[in-house]
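Q: The lines below spell out each chain.
There are 2 protein chains.
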Amino acid sequence: MDRAQIFKFIAKRKTAFIASVNEHGYPVTRAMLAPRKIEGHCIYFSTNTSSKKVGQFIENNKACVYFYKRGLVRYRGVAILGEMEVCTDQAVKDMIWRSGDSMFYKRGATDPDYCVLKFTGAAAEWYCDLKSGSVEL
Amino acid sequence: MDRAQIFKFIAKRKTAFIASVNEHGYPVTRAMLAPRKIEGHCIYFSTNTSSKKVGQFIENNKACVYFYKRGLVRYRGVAILGEMEVCTDQAVKDMIWRSGDSMFYKRGATDPDYCVLKFTGAAAEWYCDLKSGSVEL
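Taken in sequence, the protein lines are chains P and H. Counted from 1, the first sequence has number 52 at position 52 by this note's numbering; the numbering is strictly sequential. Counted from 1, the second sequence has number 96 at position 96 by this note's numbering; the numbering is strictly sequential.
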């Protein structure tokens, strides 16, 4: 897979898996809804400021964002490694906000528990039909 | 979710996501086929000795094994943190071997590229219908 194929692939996925490294050095993975926005090699997610992962990324910004599609026998997967930034800047929060979010954040786009995770990918590792490789982004 | 509910949940999943920490300190997630065996808080996977993750776990055994199920709106996820051991012991390899594996490992259960990952979980973090919690295993 080349860079274009990777971004085409991830744009179609409905779930992303983001991993952090916790305070004891353990990797921690969790599923997230699809990214809110993909712009160049930056990927934006919305989340709760109070969530554990936000605390982990503030302490250690090294991150992995993983996407996969499972077929009957084989699967394709792409792991992008890079840095995760916790954005509390209101302009970024406004850009990522969607009206349905008010179900989770009663105070709207200025709710202090609403924040944006901005991931900047540096390199991707892909697996596709028993082949694998890596790409600088 | 309590310990019993967690193990009942993960036993039904067809995909596991295992994360390592690479040589530069980045977490790396990848999908795996369902575990070959779950015994107490030990979870066994089969894999290629030559794969990157095996090298990463030899250098740093801190690991996360993640399972999830996506519903229409909500999802359930369980991240188990613990240590990953790369087993090359023939008795363990024989125990985990299945006849269909010979499609990937031409030399059978003694193929040097066939090895077993034995994960020993210490604690689980779960997310279920907007609630979350953690459990010592």
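None of these hints come from the bench; they were simulated from the model. Please note: incorrect hints may appear among the correct ones.
The list treats identical chains as one, so a pair stands whether inside a single copy or across any two.
To be verified - Straight-line alpha carbon distances no greater than 30 angstroms define the calculated DSS-like cross-link-like pairs of lysine-lysine that follow:
| # | residue 1 | residue 2 |
| --- | --- | --- |
| 1 | K8 | K106 |
| 2 | K8 | K62 |
| 3 | K8 | K118 |
| 4 | K131 | K52 |
Q: With reference to the structure, classify each hint as holding or not holding.
A: These are the hints, each one checked on the structure:
Taking the closest pair of Cα atoms, K8 and K106 never come within 30 angstroms of each other, the shortest separation being 34 angstroms inside a single copy and 35 angstroms across copies. For the homomeric pair K8 and K62, the shortest alpha-carbon distance inside one copy (24 angstroms) is at most 30 angstroms, but the shortest distance between copies (32 angstroms) is not. In the homo-oligomer, the alpha carbons of K8 and K118 lie at most 30 angstroms apart inside one protomer (19 angstroms), although the nearest pairing across protomers, at 35 angstroms, exceeds that limit. For the homomeric pair K131 and K52, the shortest alpha-carbon distance between copies (13 angstroms) is at most 30 angstroms, but the shortest distance inside one copy (35 angstroms) is not.
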